[in-house]
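Here's the letter readout for the chains.
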Amino acid sequence: MAVTAAASEYALEVIDLKKAFGGLVVTQDVSLAIRPGERRLIIGPNGAGKTTLFNQISGDMRPNSGQIKLFGAEITRLAPYERTHFGLSRTYQIITLFAGDTLEHNVTLGLLGLRPQRWQMWRPLSFYGDMATEARRTLDAVGLLHLAAHPVSDIAYGEKRRVELAMALAQKPRVLLLDEPLAGLSNTERSTVKSLIASISRQTAVVMIEHDMDTALDLAETVTLLDYGRVIVDGERDAVIADARTREVYLGN
Amino acid sequence: MQFWIIQGLNSLSLGGLLFLLASGFSLIFGLMRLANLTHGAFFMLGTYFGAVALRNFDGLNLWVTALGAGIAVAAIGGLFERLVLTRLKSNPLGQVLVTLGMAFIISDACLVLWGGDSIPVPTPQNLRAPTRFLGFVFPTYRLVLVGCAVATAVALYFLLERTRLGAMIRAGVDDSQMARAVGIPVSNLFTTVFCLGAGIAGAGGVLGGPVLSAYPGLDADMLPLALIVVILGGIGSLLGAFVGSFIIGFIYTFGTALFPELAYIILFLPMIFVIAFRPQGLFGRVGA
Amino acid sequence: MKWLAAILLAALLVLLPFCSGDFYINLASQILIAAIFALSLNLLVGYGGMTSLGHASYLGVAAYISALLTSRYGWGHGPAAVISLAGTTAMAACFGVIALRATGLGFLMITLALSQVLWGLAYRMSDVTNGDNGIAGLTRPMPFGISLNGPAAFYWFTLIVAITAFVMMAIFVSSSFGSTLKGVRDQPRRMAALGFNPWMIRWITFVYAGFWGGVSGLLYVYYNKYIHPASLSTTSSAEALLGVIAGGSGTLGGPMVGGALVLLLKNYASAYIERWNMLLGLIFLFIVLVMPTGIVPGLSKLLRRGWR
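Protein chains in written order, with the numbering used here: chain A, 3 to 255; chain B, 1356 to 1643; chain C, 229 to 536.
Accuracy of the hints is not assured; some may be wrong.
[What the hints assert, rightly or not] Residues of chain B placed beyond 10 Å of chain C at every Cβ, according to the derived structure: (1) Gln1480; (2) Thr1495; (3) Ala1510; (4) Met1523; (5) Val1541; (6) Ser1568; (7) Leu1594.
[Said to hold, decoys possible] Each computed DSSO-like pair below joins lysine-lysine, with the alpha-carbon atoms no more than 30 Å apart: (8) A:Lys196 <-> A:Lys162; (9) C:Lys529 <-> C:Lys494; (10) C:Lys529 <-> C:Lys230; (11) A:Lys162 <-> C:Lys529; (12) A:Lys162 <-> A:Lys174; (13) A:Lys71 <-> A:Lys20; (14) B:Lys1444 <-> C:Lys529; (15) A:Lys71 <-> A:Lys174; (16) A:Lys162 <-> B:Lys1444.
[What the hints assert, rightly or not] Residues from chain C that keep clear of chain B, each with C-beta distances beyond 10 Å, as calculated: (17) Ala238; (18) Cys247; (19) Val310; (20) Asn377; (21) Ala398; (22) Ile399; (23) Ile432; (24) Ala497.
Quick caveat, the hints were computed from the structure, so don't treat them as lab data. No residue lacks a Cβ here, since even glycine has one placed at the ideal position from N, Cα and C.
So here's chain A without its partners, still in its complex pose (with noise of 0.2 Å):
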């Protein structure tokens, strides 16, 4: 379960990012304060630094300066694995599922990760009926409870998306990360996963990167735009769009 945390205004807070890889640089002075609950889109063209910084804020990647605070807890030398108990979850733009086994598995490596039961090394998994219950639960709340037992190789593009966002949502996290969500799906898979989206609760703050500005913006209430790995734009939503930077940025290159 998640550890609290010192009380704060913020539940995600980036300060001052910065990552270099050589010469070349990826995330230059980026700042970022979500707040619970908070519905935040960050956008920018390709290369921009998006997915590196989301890198950064799970931990895949370490910065070369800067740091990272969730509900004020400073995480920025903590390991992707730390960082998921103390309420982060994340979901990647490959799929990166256990194509083997079954959705209800996959759902309860989800539950798993953050359980002692993790460690139990003579009782199999099927021991635990009330995480078999809880993924089912999961499952269905994504439209997904029919296919629990299929292995997820067998599955279309767009469900496998909506059971990489069940794995993420079983976790309970009080901060999402979505990497492309809609990358890829049909229009009525998008539909789905936007409603999908839409639908989580506001104990979790959701901060999603897309590419195309228009699928994700009616989701968003605040957006950032990113360029070179710079913050260009920062602000509400409709601000931000009738900014005259977000046009040059997107027009403009």
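Add chains B and C to chain A, keeping to what the hints say.
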């Protein structure tokens, strides 16, 4: 004083030998990301070819023999690469296992063909007279080995830095996917480099013959050394292979002379430290 | 259905000494020892996704410690076995910390290097290990005063250990932890994102595999009453790896079949074919090229098709 000079020279000549062994291994590892566990066997094959040729054909030139053995071993390597390794492109673990299997096959084949006794290789006539320098006497051939290593290093440097083939190899080492995308025939390049690496090992084996002799188990003795040199020097770096060879040459020679019982620990400790704390080695661009 | 087959198999195994001569009983003992060793390696290779070329170290070190304590220092077998296993497990713990600094190829090379160091020590420190001569004239333990010198007695002893090993390792891989191990094998990044600690999971498995490798080492030295540095060599590790991969690393049964096969080929092919290593190499090539998932999965697929 005598001890230090002699061991110093032995270190240098071992370093030279190791470079002949490790340069090919480094090329293959750097470009193909393949730990070629057959490499020791390629080297041994060269030693056996050289031993048999030089003993049975009096007056055969050492350099010609080395070239011939190099070509023969390169051919064997090329066949292996084309017939077996290319089929396992998506299975890097499988590739390592088949190179291990091939090593077993070659080493047993040598046993069958040439028996279990050690075959000493005669030093070429014109290099038998010892060199005198500053009142010390050095076996000339060992000095020659150092020269061979330097010559090979220069030749490889020229190949890699000044030729089109070398440019393609360097591109492939940096990013093989990108190289393929810009039209470099990576598959043929792999075969060429594998042949080149095997060939250098084979030729090196001949040149190492007078110092090492051809014996069963030579491959198992040489392979770990190649591994250590390349890990220490850094994968994909010719300079790393060169420097690493001589560092290991010194560590091994002085280590065995001063602490014979701990020889293996002294040898492997650097490698373990490097992988654990500095995976890119001294000069490498890619981690293990 | 599976339970019935298992009980039947167990019954057959127990009754074996009543239906066969000494030669086959001894062979069966050797196969059981090879099976335990292969199972322990498979924890790493098949379930953990960590290919090791140094697993013979654990067999060899346990064997050597037991040999030295009993023959040179006159220890009883009970305490010697305890210290052997404790020492081997401690060694696995240390080696694991070093080897797990890397994954994939780097891991493979560190395990190779570490086992070469041990082999070199066993070979060179002749005052301690008797070097190339090995340590001979060893004895078998006498649990509860029962002599294990007869083939049948030793066989039943080994069978009890083998069944225990199999059951314990089966429980381990089917447990909740086993599921996380397989998860880390398949998608380590995803597992870390879900809150699992991949390093710790791998390290625990590494230590456990080393422990069972040590158990097989004890049985090995009891059976042969002799230990030699070759048991620690890379060839030995390679043979074990071949057995696991040839048999099928994704299953429990596969490595046992593979280990048995390698043992049979090694001990009996060498009577007909002088060059055992060449055969080993060719088999490696064949399996990797033609049956990469291994014999057991390959056969069971054939059988399933035949059933229809």
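Okay, the hints, checked on the actual structure:
With a least CB separation of 36 Å from chain C, Gln1480 (chain B) remains clear of the 10 Å interface cut-off, as annotated. Here Thr1495 (chain B) stays apart from chain C, with its beta-carbon at least about 31 Å from theirs, past the 10 Å limit. Every CB of chain C is more than 10 Å from the CB of Ala1510 (chain B) (nearest about 28 Å), matching its label as outside the interface. Against chain C, the non-interface label of Met1523 (chain B) holds: every CB pair exceeds 10 Å, the least being about 24 Å.
For Val1541 (chain B), the requirement that its beta carbon stay farther than 10 Å from each beta carbon of chain C is met, with the minimum near 19 Å. No Cβ of chain C approaches the Cβ of Ser1568 (chain B) within 10 Å, the least distance being about 19 Å, so the stated non-interface status holds. For Leu1594 (chain B), the requirement that its beta carbon stay farther than 10 Å from each beta carbon of chain C is met, with the minimum near 21 Å. For the hint pairing Lys196 (chain A) with Lys162 (chain A), the CA-to-CA distance comes to about 14 Å; that is within 30 Å, so the pair holds.
For the given pair, Lys529 (chain C) sits about 27 Å from Lys494 (chain C) by alpha-carbon distance, which is consistent with the 30 Å threshold. Taking the CA atoms of Lys529 (chain C) and Lys230 (chain C), the gap is near 17 Å; set against the 30 Å cutoff, the hint holds. Proposed proximity of Lys162 (chain A) and Lys529 (chain C) is supported: the alpha carbons are some 28 Å apart, at most 30 Å. A hinted pair counts as satisfied when its Cα atoms are at most 30 Å apart, and Lys162 (chain A) with Lys174 (chain A) qualifies at roughly 19 Å.
This hinted pair checks out: Lys71 (chain A) and Lys20 (chain A) have alpha carbons roughly 15 Å apart, not beyond 30 Å. Of the pairs offered as hints, the one joining Lys1444 (chain B) and Lys529 (chain C) holds, with about 25 Å between alpha carbons and a cut-off of 30 Å not exceeded. Between the alpha carbons of Lys71 (chain A) and Lys174 (chain A) the distance comes to roughly 19 Å, so the proposed pair stays at or under 30 Å and holds. As the CA atoms of Lys162 (chain A) and Lys1444 (chain B) are separated by approximately 28 Å, the hinted pair is consistent with the 30 Å bound.
At roughly 33 Å, the least C-beta separation between Ala238 (chain C) and chain B is larger than 10 Å, which holds for a residue marked as non-interface. Separation of Cys247 (chain C) from chain B is adequate, the least Cβ-Cβ distance of about 37 Å exceeding the 10 Å criterion. The beta carbon of Val310 (chain C) is kept farther than 10 Å from every beta carbon of chain B, the shortest such distance being approximately 27 Å. Its beta-carbon lying about 35 Å from the closest one in chain B, Asn377 (chain C) satisfies the requirement of being farther than 10 Å from that chain.
Every C-beta of chain B lies more than 10 Å from that of Ala398 (chain C), the closest at about 25 Å, which supports listing it as non-interface. With 10 Å as the threshold on Cβ separation, the claim that Ile399 (chain C) sits away from chain B holds: the shortest Cβ distance comes to roughly 27 Å. Every beta carbon of chain B lies more than 10 Å from that of Ile432 (chain C), the smallest distance being close to 19 Å; the non-interface claim holds. For Ala497 (chain C), the condition that its CB be more than 10 Å from all CB atoms of chain B holds, with the nearest at approximately 12 Å.
In summary, this structure violates none of the numbered hints.
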